[in-house]
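*Asks:* Those protein sequences? They're chains A and B, same order as listed.
Residue numbers for the first sequence follow our numbering, beginning at 1 and rising by one.
Residue numbers for the second sequence follow our numbering, beginning at 1 and rising by one.
Possibly wrong hints are sitting among the right ones.
Pairs involving identical chains hold if they fit within one copy or between any two copies, as the list cannot separate such chains.
Said to hold, decoys possible - Pairs of lysine to aspartate or glutamate residues, derived as DMTMM-like cross-links and limited to a Cα-Cα distance of at most 20 Å, are as follows:
{"id": "1", "residue 1": "K214", "residue 2": "E239"}
{"id": "2", "residue 1": "K26", "residue 2": "E325"}
{"id": "3", "residue 1": "K201", "residue 2": "E184"}
{"id": "4", "residue 1": "K188", "residue 2": "E69"}
{"id": "5", "residue 1": "K255", "residue 2": "D292"}
{"id": "6", "residue 1": "K188", "residue 2": "D68"}
{"id": "7", "residue 1": "K214", "residue 2": "D11"}
{"id": "8", "residue 1": "K26", "residue 2": "E122"}
{"id": "9", "residue 1": "K91", "residue 2": "E324"}
{"id": "10", "residue 1": "K305", "residue 2": "D80"}
{"id": "11", "residue 1": "K78", "residue 2": "D68"}
{"id": "12", "residue 1": "K91", "residue 2": "D321"}
{"id": "13", "residue 1": "K305", "residue 2": "D11"}
{"id": "14", "residue 1": "K214", "residue 2": "E184"}
{"id": "15", "residue 1": "K78", "residue 2": "E63"}
Calculated directly from the structure, the hints in this document are not laboratory data.
There are 2 protein chains.
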Amino acid sequence: MRLALDAMGGDHAPAATVEGALLFAKEEPEHEVVLVGDEERLRAELGKKRARPANVSLRHASEVVAMDESATRSMRQKRDSSLKVSFELVKAGEAAGLVSAGHSGAVMAGALWVLGRIDGVERPAFAALFPALRGEGRCVLLDAGANVEARPSQLAQFAVMGEAYARRVLGVEKPRVGLLSNGEEESKGTALTREALALLKRSHLDFRGYVEGKDIFSGEVEVVVTDGFTGNVVLKTSEGTAMAVAALIRSAVEKAGVSEKLGALLLGPTFAGLKKVVDYAEYGGAPLLGVDGVTIVAHGRSSSKAIKNALGAALHTVRADLKEELRAAVSRAKAWVPARSGARR
Amino acid sequence: MRLALDAMGGDHAPAATVEGALLFAKEEPEHEVVLVGDEERLRAELGKKRARPANVSLRHASEVVAMDESATRSMRQKRDSSLKVSFELVKAGEAAGLVSAGHSGAVMAGALWVLGRIDGVERPAFAALFPALRGEGRCVLLDAGANVEARPSQLAQFAVMGEAYARRVLGVEKPRVGLLSNGEEESKGTALTREALALLKRSHLDFRGYVEGKDIFSGEVEVVVTDGFTGNVVLKTSEGTAMAVAALIRSAVEKAGVSEKLGALLLGPTFAGLKKVVDYAEYGGAPLLGVDGVTIVAHGRSSSKAIKNALGAALHTVRADLKEELRAAVSRAKAWVPARSGARR
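So that you can see chain A by itself, here it is in the shape it has in the complex (with noise of 0.2 Å):
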């Protein structure tokens, strides 16, 4: 198989992106690596590495898509864009799915644009993954920012194809399905979750009504459904609290007045612990569910692990077959879902 990188996105590019790249390859000698970006700096990279096995290649491209660019402008002026190219060979075939560290709105609207949606589906969704303590071990959250504002009927179906992704991508048999709201009576939400519960108590999905932001971590459902706006700001909000709980924890040690050989050893199973939250490295990539290719947004810090764990991502949700697993999902969902139902809020 074949995977286009987006050698040219994210903070660390292209330096993260070719060595993460160069890791993937090594790890998996059966797939192959296309690095889509300016073939001179790549191949500089390259030669620093002074690595360059044969499932690792090189597609030029001349513009780059910058970090505060508007999305939608991007595509339409950038045309030789690192990232347009990456789409543009997974829409011909010639990459299977592809990976940016790039500026996730300009990957929205280039998915959009190149790939176009599957059929059926109202908005695609970035799909985050949380680590839960006890039941499957992982969450789903959808949408993490995709979407600004959301329909009533769009929340539903990202519940349908967080459902279908747990199924088939992280191996849950039957995923519990819960929407985000401020509080787990039926009373609490907004107008837009209240009308999304009503849908989604009629849905054949496992439902368990609204869960609260610490459920994302309970272990008691496997896809939490929400608007890009909150899921966006809960993604920040957790990598902000296990941030602050690091430095807490270095400061706290440090007071402790130990020795460095203690000290390391005191925050060694910490940071252990802690990485497993909000690792980025681990988890390497949100995809974005419901365009008409694999698509894999890595976080703009990553660095090379994280890159090389995105294309791992990249080749697991390939393999898992999704795209006819969503669509046949969303089609199901017809029956309870009315489409483009519900205010915009």
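The hints should help you fit chain B onto chain A, whose structure is shown.
*Replies:* Chain B only, in chain A's frame:
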């Protein structure tokens, strides 16, 4: 000064409330606590502690608001609830402020019903405190859940009230204010946040524009403004993340196979750091800003130490003479916040 404590509110009431009141009474011998609730049960609880300091008194109330009751109905129907009687003590001037670890929706309803709003305030808001890693070391987030939906003019008022709180109660000389969004660029956000952004840019506050979930902990701003739905999700997500981090660290230490003694040594400073992030015992409760009387909501799971600290927060807030400051700040803001402007979302 005399403070009212809803002694029947909270998961561990009345044991934790009575014990918390005794701890407070011992630490603050010149102030008084009125325990409001079922006199017989409270006497029994005090009997167990074999303590009845002169600065702790009882006020009988025959009813209790249950956690799953309708907030407004509980105020209408339970005229002799411990919560309602606590508010009445404040209204009558017999107490300078109150603390409740009960039903937060009922606290909001009771505050509006019995105390009313400060002149010019559209909606009160819960203010939650977070630790910040740099800067002033504290960040106040509001609304943490008093209102599910908000108008742009209400978000603008939350900013004004949060700024006044940070100045008067936290002692921050010139608090910086941010509006929570899904990215820092002005093109981000929802219709609600974009309208609030436009209002706040015209304000006299030190307004820093959009901030993200991680900035609550970063020390970039001292006040973060959001609607009550998102604020509640932030609060619960950070709580869930911190609990997940704690559990994962514990399991990493156990897996490391160290002795019990070294394990305890490893976990000690770790949990000391962790507790600071989401420790209701330390931060002690969220003030309900904008109502005409000091009202502090403690976490439903409050321990006796959390109750003691919430009483301390009430004392501190009364001393800060926040009401006059809030009234003046809201009045000053009329120059740039049109009353009840923008749609509720």
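*Asks:* State whether the alpha carbon distance between K188 and D68 is at most 20 Å within one copy, between copies, both, or neither.
*Replies:* between (37 Å within a copy, 11 Å between copies)
*Asks:* Go through the copies and call it for K91 and D321: within, between, both or neither, with a Cα cutoff of 20 Å.
*Replies:* So K91 and D321 pass the 20 Å test inside one copy only (16 Å; across, 65 Å).
*Asks:* Taking 20 Å as the upper bound on the Cα-Cα distance, should K201 and E184 be classified as within, between, both, or neither?
*Replies:* Within one copy, since 14 Å is at most 20 Å while 36 Å is not.
*Asks:* Using 20 Å as the alpha carbon limit, work out where K305 and D80 are close: within a copy, between copies, both or neither.
*Replies:* neither (27 Å within a copy, 62 Å between copies)
*Asks:* Can you tell me if K188 and E69 fall within 20 Å by alpha carbon in one copy, between copies, both or neither?
*Replies:* between (38 Å within a copy, 12 Å between copies)
*Asks:* If the cutoff is 20 Å on CA atoms, where do K255 and D292 land: within, between, both or neither? Let me know, please.
*Replies:* neither (53 Å within a copy, 42 Å between copies)
*Asks:* Reference check for the pair K214 and E184, CA-CA at most 20 Å: within, between, both, or neither?
*Replies:* Intra 11 Å, inter 25 Å, cutoff 20 Å: intra-copy only.
*Asks:* Cα distance capped at 20 Å. Does K26 pair with E122 within a copy, between copies, both, or neither?
*Replies:* neither (39 Å within a copy, 62 Å between copies)
*Asks:* At 20 Å max between alpha carbons, let me know whether K214 reaches E239 within a copy, between copies, both or neither.
*Replies:* both (14 Å within a copy, 6 Å between copies)
*Asks:* Regarding K91 and E324, is the shortest C-alpha distance of 20 Å or less found within a copy, between copies, in both, or in neither?
*Replies:* Within. Shortest intra-copy distance 16 Å satisfies the 20 Å Cα cut-off; inter-copy 64 Å does not.
*Asks:* Have a look at K78 and E63 and pick one of within, between, both or neither, based on CA distance no larger than 20 Å.
*Replies:* Answer is within: at 7 Å inside a copy they meet the 20 Å cutoff, but 68 Å across does not.
*Asks:* How would you label the pair K305, D11 (within, between, both, or neither) given a Cα cut-off of 20 Å?
*Replies:* Within. Shortest intra-copy distance 14 Å satisfies the 20 Å Cα cut-off; inter-copy 45 Å does not.
Figure legend: structure checked against the earlier numbered hints; hints not met, in rising order: 2, 5, 8 and 10.
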